[in-house]
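Input sequences plus hints: build the corresponding full structure.
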Amino acid sequence: MDTAAEVSAREAEVLSLLGEHLSNAEISTRLFISVRTVESHVSSLLRKLQATDRRALAQRAAGIARAAAEAESAAATAATATATATATATAAAAPTTSAPAPAPAPVPTPALPQPLTPFVGRTRECAELAELIRAHRQVVAVGPGGVGKTRLALAVAERVAEEFTDGVWFVDLVQVTEPGLVGATVAGALGVGEQPGRALPESVAATLDDRRALLVLDNCEQVRDGVAPFLERLLGACPRLTVLATSRARLMVPFERVYQVPPFSLAGGGESDAVALFASRAAAVGWVPDPAQRERVAEVCGRLDGMALAIELAAARLPTLGLDGITAALADPLRMLAGGSRADDRHRSVRAALDWSHALLEPSDQMLLRRVSLFVAPFAVTSAAEVTGAEIGVVADGLARLAEQSLLTVGVTVTASGGGTTYRAPETIRRYGMERLTAADELAEVRLRHLRWCLARAAELAKGGGPDWRARFDAVADDLRAALAWAAEDAEQRADAYRLAQDLAITTFTRQLIGESQRRYEQAAGLADDPAQAAAMLRQAAAVAGCRMRGDDLHRLRLEAADAARRSGDDGGAARDLATAASDAYRFASKFVRALPPEEAASLIAEAQQLAGGDPAAAAAVALAEAGRMLTESFAVEQQQQSGPDSDSHPDSSKYSSPYSSSSQSSDSSSHSDASAMIAATIACAEKAVDLARRTGDPLAESAALDTLAGAQSWAGEAFAATATALRRLALLESVPHTDTPAATLELIEALGEATEATVGTGDLAAAKHLARQLADHPLLAEVGHRATAGLLVADALAGDVAEVLAVSDRFLEAWQRSGSPAKSILGPAAAGVAMVHGLRGDQEARHAWDAVLRQLGSSPWETYGYGAVFDALVLLHRGQAREALERVTPGPDEVWRWVTWTWLHWYVALRAEAAVLAGSPDARDRLVEARAAVAGNPIADALVERAEALLDGDRERVLATARVFDAAGCRYQAARTLVLAGGPDAVRGEASIAELGLAPMATAATPA
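Numbering (this note's numbering), first residue to last: 8 to 1016.
It is possible that some hints are incorrect.
Said to hold, decoys possible - Ranges of calculated distance between the beta carbons of each label pair, as one might list FRET restraints:
{"#": "1", "residue 1": "His-777", "residue 2": "Thr-389", "range": "24 to 32 Å"}
{"#": "2", "residue 1": "Val-600", "residue 2": "Ala-773", "range": "35 to 43 Å"}
{"#": "3", "residue 1": "Ala-335", "residue 2": "Glu-239", "range": "21 to 29 Å"}
{"#": "4", "residue 1": "Ala-539", "residue 2": "Pro-623", "range": "16 to 24 Å"}
{"#": "5", "residue 1": "Asp-497", "residue 2": "Pro-326", "range": "19 to 27 Å"}
None of these hints come from the bench; they were simulated from the model.
Remember, predicted model here, so these are calculated numbers, not experimental data.
Glycine is no exception: its CB is placed at the ideal position from the N, C-alpha and C atoms.
Next comes the structure, spelled out in structure tokens:
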């Protein structure tokens, strides 16, 4: 069957991106569709391609894509050869080159594996388990290994799928070796990536929050300690979610309803479910029993106690033993005398079938089975040869024989760099093989070879590179984790465990599994014999914590790194860590749950000074911490002087205000009564920190110092100096050899955000959009589209790029809602910008909806007097409501300076001047003079003031001249608005441009004579 032909154009695009092992959010960003639409396409692909899960789809993607490319190439060749093709034929071929606009996501197809063998019997069990699922939110199908729990759960999930209108998902936990990775595994199966600031289990809960969905968790027994708390939290957070789990034992979670899975029924003799299963599996190997033989088959099934795995293993032996041979092999009188409970008998039935199957193997195949049982994930022939220590040809033949006897399952892996056959032992058989490995006294030897194999794979992956890097990582990650788990407990393997933990930390960060990356760096630190190595690992862990927006972890890890450095005799390194802990508290204050008290910060800086000695890097770190302290104190002093001790802290100064708000100043801040002098001293201190950091040759240290310098310059009102510093910082980071390390990533994301704000504030919208696009496309922010796109929405809104705003705002809104609609005031400008665009479009319903989002984000003086005033004024002026606009921006810069940050000051005062002119305010001329002085050097704000003055002077040519300035600055809306304001024939062109942008007609107030 040509499965590629069944896949739609859009599904082919989704499949291709699944081949890159992208999450649903990453795919939605690439294709500009919603995450739920992606989910629907994924579930449809699972059904159409009969794939078991997302990993299987990813493996199929390369093959499907290759077939599609060949078909497209053939079609293109045929089209070229047919020069006389009609226009109709050309039009008919068009859908192959462009996908249609996505339709609303339909009810998703259940994301369930499609087993290769048919489901047989179990009518009563299916009905009973389905009823339990309908009546209870947490059902566990319990039974011994080999009884058929998984197949029963899949059949029941298929049966009830239509009742769960928001989807059905299947998650196999068989490869999970650590309880803490349960949430990550479920997230991976759902296509949910990790969001900075939120643990993966929380992201799963947010994804399933309001959904009427069924989650099937298979093979829970080996990670019960992780499944139980995960499900308890998940079910508490998702009131419409139902969970069906399979396990060898109860999960012991609240509200758990247990269903004991029985063996296949033996009732009815030759017509029983057990016989039907045997006949079905025997037919697959070419044997069909005649009616006279069915009773003998029933006897065989009875001896096997109806256990599914035992019956399937027996059926697989028919070609070599025949029914007589199987009957004779099972005629073991000792087994019948063993006694015990029926449950014990069932366990023994599976064990006996495994023993029997194992005994029939050649010694070389027995050895191969037990040694490959160490793999927890599918493995290739070459990997098996390396770990088993056997010749590759012998291994290839042996694996094929084991697969023929149903002791291994066979798969195919296809990646960009190649592919091939893979094998995997079903879990019950794998555990049996591990027992045999231990009994043969080979466990230590084979484990060591497996560890060496894992170390080699991890080292290769840590180097990065290649289009199929994610696929290669995902293929071996579970084996790396399993090897690390035992090696970390073996004193003789401590050094190798340290190397593996370090490489796993590096690779999980690259894979965007940043929570695990932090844990692995901390694990590596614990395994390091050298305290200096431990300190290095803890510094990396701290940087990852910063990327995760976990300020408290960041601080803890900096202090632990300092302790490790001291133990190694590196006082300079300890000084750097202590000083950095203090400066982090200033730079990343918004990431902290517990603000660092001023006295603690001061103590850290003092201790760092004592330890620094003559270490240049330590001196630079101390200078940076001092600059951060001075900036924060300067802010607190000025705020207290202007607002009084009961004022709230500045909403846009969370970066530096948290430790020292106006109500929690340091004891000696009163000595700095002159805020201006403090700012000048702060800038000088920050410049010193930059200079010292530059001398060390550490670009990341210099970047941190430039960050603080830009903050000091912006607070001083030196907008252009701050912008220059922000852009200098970005240029510096471009020179970093490895920009994908945790520390470099943390600096880069912060730098892009800072530079975007800076260029918006100084009117360089082209640069702002370029920088914001880089931020929106950063892989670490793929799962937090609201954070990733916030700057881009602001720049596009101010530029008047309406289509771009409408497209990007969908990603912002969906991601924000998926993240639990957090009340983050830093997102306010983006929401206000989208609301403004809808206001300009005349879509009041949409504007009210975004105003509601803005209210949820939290009101603040920053919104009232900063970006909110700017965006509101733009809408009011568009409507010709100049007086209302003037009222919205009534306070002057000297009155609102503490609330209007440098990002918005130029826009605010320029629009205030324009509103005064258009409203006919008697002090319009004074406001123009005031505005010119404030915005000098900002091309857009300058043009706004120039246009307002030209309107006041009645100088139409000067008005039109500003349109060219707006065009050059990339501000299309203001260019069109200028033409309308100029009047005459140019107004018609302006109105056409307004309409072309997708905006409502502009109303004009009576312009001054």
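To see whether the hints hold, each was checked on the structure:
no.: 1; hint: His-777 - Thr-389: 24 to 32 Å; in the structure: violated, 46 Å
no.: 2; hint: Val-600 - Ala-773: 35 to 43 Å; in the structure: holds, 38 Å
no.: 3; hint: Ala-335 - Glu-239: 21 to 29 Å; in the structure: violated, 51 Å
no.: 4; hint: Ala-539 - Pro-623: 16 to 24 Å; in the structure: holds, 18 Å
no.: 5; hint: Asp-497 - Pro-326: 19 to 27 Å; in the structure: violated, 43 Å
This entry does not satisfy hints 1, 3, 5, going by the numbered hints stated previously.
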